[in-house]
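If you want the building blocks of each chain, they are given just below.
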Amino acid sequence: MNKKKQQSFYVFIGFLALILVNYPVVYHMQQVRTGKIPFILGYLLVIALLVSLAGFILEKRNK
Amino acid sequence: MSEKKILIVDDEPSIVLSLDYLMRKNGFRPFIARDGEEALAIAGKELPALVILDVMMPGMDGYEVCEKLKSDPLTSSIKIIFLSAKSGKEAIEKGMSVGADKYLTKPFNTRQIMQEVVNLLQ
Amino acid sequence: MVGGFIIVSLILYLALLFWIAYKIDLSKKWRKRVSGSPVIYALTLAVYCSAWTFFGSVGAASTYSIEFLTIYLGPVVAMPLLWIVYRKIIRISKAQGISSIPDFISTRYNKNSTLNKLVTILLAIGIIPYIALQITGIERGLETCISWGDKSPSDLTLFGFFDMALLVTVGLGLFLIAFSTRQLQDNSRNTGLIGAIAFESVVKLVVFIVFGIYVCYYIFSSQSEIYQLIPEEGLKLNTTNNYSQWFGMIVLSGLAFLFLPRQFEVGVFSVSNENQLKKAAWMFPLYLVLINLFVIPIAVAGNHFFSGSGMDEDTYMLALPLHHEHTWMALLVLLGGFSAASGMIIVATHAISKMFANSILIPSFIDRPFILRRFRGRHHKIPVFFRRISIFIVLLMAYFYYKLVAIEYSLISIGLVSFIAVSQFAPAILGGIFWKHGNGKGAFAGIIGGYIIWFLFLVIPTLFGGGIGEHIGFDAATIENNHGAIITTVFFWSMFVNVTLYIFISLVTKQSVLERNQAEIFVEIYRYSESVESSVVWKGKAFFPDVQSLLARFLGQQRANYELLAFTEKNNIKLDEDGELDLRVVSHVEKLLSNMIGSSSARILVSSVAKEDKISMEDVVDILEESQKLMELNKELNQTSRELKRLSEALKSTNQKLKKNDLLKDEFLYTVTHELRTPLTSIKALSELLADDDGMPDETRKEFLETILKETNRMTRLISQVLDLENFESGKHQLRISHSDINELIVYCTNTMDEIFKKKNINLSISLDDTLPVIELDYDRITQVVINLLTNASVHSDSLKGKILVETRRHNNLVVVEISDNGQGVAEGMEQAIFEKFFQADGRRLKKSKGSGLGLAISKKIIQLHEGKIWVEKSELNGAKFIFTLPFQQNNFIVA
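Protein chains in written order, with the numbering used here: chain G, 1 to 63; chain W, 1 to 122; chain B, 1 to 896.
It is possible that some hints are incorrect.
Calculated lysine to any residue pairs in the SDA-like style (CA-CA distance at most 20 Å, straight line) [what the hints assert, rightly or not]:
hint : chain 1 : residue 1 : chain 2 : residue 2
1    : G       : K4        : B       : E524
2    : W       : K25       : B       : R527
3    : G       : K5        : B       : E524
4    : G       : K4        : B       : R527
5    : G       : K60       : B       : S37
6    : G       : K5        : B       : I84
7    : B       : K684      : W       : D20
Which chain W residues stay away from chain B? Per the calculated CB distances, all over 10 Å, these [stated by the list, open to error]:
hint : residue
8    : E12
9    : P30
10   : F31
11   : I32
12   : I42
13   : K45
14   : E90
15   : N119
In case anyone wonders, no lab produced these hints; they're calculated from the structure.
Using N, Cα and C, we set each Cβ at its ideal position, and we do this for glycine too.
Take these sequences, add in the hints, and give me the full structure.
Listed below in structure tokens is the structure:
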């Protein structure tokens, strides 16, 4: 992967994450109620893990 | 007093021609050899007082002839003059080291060579 | 709990930090491991999680809102940008010798020392309360532990005398004095300090997770049991479920994460390779996930036990174990909190004190006589001295701030006030690295404008409860109850003013020439990073001894010499020991000094030894063009060097060939003179004899004269042959090609030789192929070859019954000529050698009467020029058979 492409991926992940943790997405996530654990916590956790995973894949791809 | 024998060794007929005439004229008895083997044979048989020896000859070269003459007690007292076109320092040193009495270079001066011969034979 | 016991634990913990930092600094192996490790790098970024995270998150979560998570979602969102923003900033800082945020901003904008000082002071104003906040965090933790169960007012002094918070501050100050100036003393980074910070990040994370598990599975039986306690309406985003506030907090945290001085310090100035960034980009979000995993359960548990008791929510972390009388767990949490607070204090104080020393103290005092006198002969101690003074000042200010102000407010609100202060530098920095037109005036105005908003509407209301803020509803009560909304509002307006001013003023005012150059370098750093150190943005005169002694003052003689030598060698600059210096060297020296004492001081010092000229626009354009050219040149050079290598190898082999040729030429010359000497000797001797002797018989006289004539002819022949050969070889002789009948040529030659054959009694037979066409050849030269071969044959054929056979025939498009004799033939193995000049059999000359030794060499040359071949075989007559071939047509010569 060339440097330009790589940079674009990083920017893309950042913006995607910014959108996913904001209104309107969080509004819906906050409304969801399932079981004991508040759904919004699980959701934000998954987003953080996804960002980490994307970063991990980008790093391995560019070894 | 009998004429002193002198052996002329050279493969160049025109040089032999001049040396032969020169020796004869000055009261020596010249013998001619065309190459190294012939020279050793004549020297062993005639026992000349002096050999005028060319260095570069087909077959055995002059240095070898000189060494052989000097190492044979029969011929070791024969005076040897090298007469060679090789005028380099190394060639002269090599000539002296194999036992020559004199090293003269070609082209030679006829008077000078006569002088050397006479000096050596005194 | 007993105060003394706690104090001993803290002292032991501090001692451990000292030991770790010391050990790392001591061992080269460990220094290398720590400074290059991506894991350590990610862990040091976690200095972001301070006491505020450790104690404050739980406090904030106790309101059942998850607004505290925005502080961590910001960095998670910003993490992918680390590769874009930090990598560029790191490149620029390395190339320009930048070691602090004020240096970074002022280097980009006109190298303006006023801007530098302004940024420093504003950052200090923004961050010192934050440091005080950490002291508060520690103090509150201590207070909770010591006074637990005591109804009497808590006594936070040791032996009634030492203030514990002061004691902790002093301890950390000592740590900083010991380890934060390492960089100045030798060439290493502050690796020990970095290692200790990474260790602290591990401690706080482990403690938090252990404590979370303790709460969920020891005090309660499972996590879901705790979640049952959350009220029916669930978790709110923030107290009013305000989405723009949620968004604003994420953006604010993201910016703060990137531009906090402590993050810059560990994230930019301590990085050793860019790949550390890539690993941190995914490791650090994981760290944030882990440290936030148990915040909500702990807060809910805290509410369960202490709700309505008036307990400060920020102390739930300690209150929980103390309530259950698990003293050891409380001590562990206290140490965890201490690690979080001390890590932040150490790095933030390190960063602020560095800029304070480099931007304010050193530039003000560096050329004062009393300072120079005091440090005579050890000027390199000056930066260290001022750095230590700065550490002292910064910690003292933080301590007094803590004593006077911070104690009144919650941990999280002071932190956010700092965040907004720090984010005011984001436009100038981001604009500086992405926007070429951003200029110093714009940056200046933007920062000032943003800070004014921040100060009027956030600091004054926070400090004095109201002020101007009251007119817009920012009274103390509103701030206390709804700080999130106010923070977001102030953040928005301060950034709005800041960015607007920055862009507007940058557009309406002009950049200086120097600034435009710096803008170009900053924005296009990837294009220039290879060559930027050899591109000079400086014009003037400086002399080697001055500059050298200046550098030696701060780096020490040995390192100064080394640095100068390394730089000049790398860039191929000649050092004139007494003369004017190459400008690149001056630039580099400024960069080196800047790394050590900051850009302002470096500039002052360099201009004290160098006379600067005004730089013109053309100069800058030249410089930049040159830089770019240099890059391209570098690429080309690599290629060229490969080609050169190939070429030099080719040259080597050519040289060997030439040497061999030379040797051959010498040998040839030697042989020629030698060959001339023989006839000359005879001629001379015979002439002397003729001249001396009048009585010589006529017959002898005639013989002598004839011999002389013969020898003279021999010499003439030799000389003409040597000339012939030489001319052929040098290309002077060209063939004169005509259409000829080869058979006719051969007949002509044999006729010429007829006399000699008869004399020698040689039987000649000729067998010619009548069908041969007329071919292209040089008639005279081929005649020469045939005559030469016939002469050789006549000389070598049997002396009594000589036989010579001449034959021509056709073979494909070739004419073949064969001349055989019945002599002894050519000795085996000599078939090639006889065609060489002065061929010597057995290393000795083949003698006399058989020609000059050049005939065959010349023949070969002539045949080769005709694109034919010549060789010798054994003849049917048992002698030698010379064969040559000629093509019908000549391609390389024009037919005359």
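Quiz item: Checking the smallest CB distance to chain B, is N119 (chain W) really beyond 10 Å?
Solution: Answer for N119 (chain W): holds, closest chain B Cβ roughly 19 Å.
Quiz prompt | Assertion that K45 (chain W) lies farther than 10 Å from chain B (Cβ) | solution = Holds: least Cβ distance 25 Å, greater than 10 Å.
Quiz item: Taking the closest pair, is the beta carbon of I42 (chain W) still more than 10 Å from chain B?
Solution: holds, 19 Å
Practice problem: Assess, step by step, whether the Cα of K5 (chain G) is no farther than 20 Å from the Cα of I84 (chain B), and give holds or violated. | Solution: holds, 12 Å
Quiz item: Given the proposed pairing of K4 (chain G) with R527 (chain B), does the C-alpha separation stay at or below 20 Å?
Solution: holds, 13 Å
Exercise. Mind verifying the non-interface call on F31 (chain W)? Its CB should be farther than 10 Å from each CB in chain B.
Key: holds, 18 Å
Quiz item: Is K25 (chain W) close enough to R527 (chain B), meaning Cα to Cα at most 20 Å?
Solution: At roughly 98 Å apart (the allowed maximum being 20 Å), R527 (chain B) and K25 (chain W) break the hint.
Quiz item: Are all C-beta atoms of chain B more than 10 Å from that of E12 (chain W)?
Solution: The claim breaks: E12 (chain W) does not keep its Cβ more than 10 Å from every Cβ of chain B (closest is about 6 Å).
Practice problem: For the pair we were handed, K60 (chain G) and S37 (chain B), check the Cα-Cα distance against 20 Å. | Solution: holds, 16 Å
Quiz item: Per the stated criterion, does the least C-beta distance between P30 (chain W) and chain B lie above 10 Å, as a non-interface residue requires?
Solution: holds, 14 Å
Self-check item: No chain B beta carbon within 10 Å of E90 (chain W)'s
Solution: At about 13 Å from chain B, E90 (chain W) clears the 10 Å cut-off, so the statement holds.
Quiz item: Is it true that the CA of K4 (chain G) sits at most 20 Å from the CA of E524 (chain B)?
Solution: With a Cα-Cα distance of about 14 Å, the restraint between K4 (chain G) and E524 (chain B) holds, given a limit of 20 Å.
The structure fails to meet hints 2, 8 from the earlier list, while all remaining hints are met.
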